[in-house]
Amino acid sequence: DTEVTQTPKHLVMGMTNKKSLKCEQHMGHRAMYWYKQKAKKPPELMFVYSYEKLSINESVPSRFSPECPNSSLLNLHLHALQPEDSALYLCASSQVGLAGLEETQYFGPGTRLLVL
Amino acid sequence: EDQVTQSPEALRLQEGESSSLNCSYTVSGLRGLFWYRQDPGKGPEFLFTLYSAGEEKEKERLKATLTKKESFLHITAPKPEDSATYLCAVRRKETSGSRLTFGEGTQLTVNP
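Here the protein sequences line up with chains A and B, keeping their order. Just remember that this note's numbering sits 25 ahead of the position in the first sequence, which is counted from 1. Just remember that this note's numbering sits 205 ahead of the position in the second sequence, which is counted from 1.
Don't read these hints as lab results, they were simulated from the structure. Note that this is a predicted model, so its numbers are computed, not measured. Just to be clear, a hint being listed does not mean it is correct.
Here are a few chain B residues that face chain A, going by a calculated C-beta distance under 10 Å [to be verified]:
(1) G221
(2) F239
(3) G248
(4) P249
(5) L292
(6) G308
(7) G310
(8) Q312
Chain A regions said to be covered by chain B (calculated; three or more residues, Cβ under 8 Å) [unchecked claim]:
(9) 66 to 80
(10) 131 to 141
Each residue gets a CB set at the ideal place from its N, CA and C atoms; glycine is no exception.
Turn these sequences into a full structure, and let the hints guide you.
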């Protein structure tokens, strides 16, 4: 089974709201990722967690705050977002293979976020 | 800097009309070339991983091949349900991290 689940499927929030996106996988993968995808563009990497530790932050604004409570869960906390942050947010996970390098990434269905 | 270029941007085929999608890449030390399929509003669905030149993988009507400079995704006798955006991505050999460099994708439409 290569399933990554994400909740909610859709989210509408105002610029002053605080909300969270959730991601879960039960494949035993030890690397998890957040991506942002705008319409007709490829996914853009935001954060990578490896063994529950943040290993990559692609200079993402602090209004996005990731959290990895355990090896199966990944959250993305949102605060004071801007309308330009509206996008499809994708979670992915992968095994960590030889020499600590991550393997094939499997994506979840995404959360469609609209910031008003 | 790693670069991935996919062509064509869009492709319209009649059902049963075979064709190929191209992914040209420049990367310093390839550690995997990945093909994904993405339907509108959904997450990318993993298709294939290729690691070395000459490698080929098949799944139903799809066959992916890899050379030192490009990869092809061959679609044999496509059906309307094969309509989607096909994304190619590469990963370089790094001691840590897992950045994928994606191409812009090829939007495939298969008409019945």
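Hints, verified against the model:
1. Against a cut-off of 10 Å between C-beta atoms, the interface hint on B/G221 is violated, since the closest Cβ of chain A lies about 28 Å away.
2. With its C-beta approaching chain A no nearer than about 7 Å, B/F239 sits inside the 10 Å limit, and its interface hint holds.
3. Because the closest C-beta pair between B/G248 and chain A is about 4 Å apart, less than 10 Å, the hint holds.
4. With its C-beta approaching chain A no nearer than about 5 Å, B/P249 sits inside the 10 Å limit, and its interface hint holds.
5. For B/L292, the interface hint holds, since its Cβ comes within 10 Å of a Cβ in chain A; the closest pair sits about 6 Å apart.
6. Given the 10 Å rule on beta carbons, the hint for B/G308 holds: about 7 Å separates it from the nearest Cβ of chain A.
7. Taking 10 Å as the C-beta cut-off, the interface hint given for B/G310 holds, the closest approach to chain A being about 6 Å.
8. Nearest Cβ of chain A to the Cβ of B/Q312: about 8 Å, under the 10 Å cut. The hint holds.
9. Counting residues of the stretch 66 to 80 of chain A whose C-beta sits closer than 8 Å to any C-beta of chain B gives 7, which meets the bar of three, so the coverage hint holds.
10. Coverage of the stretch 131 to 141 of chain A by chain B holds in this model, with 6 residues showing a Cβ closer than 8 Å to a Cβ of that chain against a need of three.
Violated hint: 1 only; the structure is consistent with all others.
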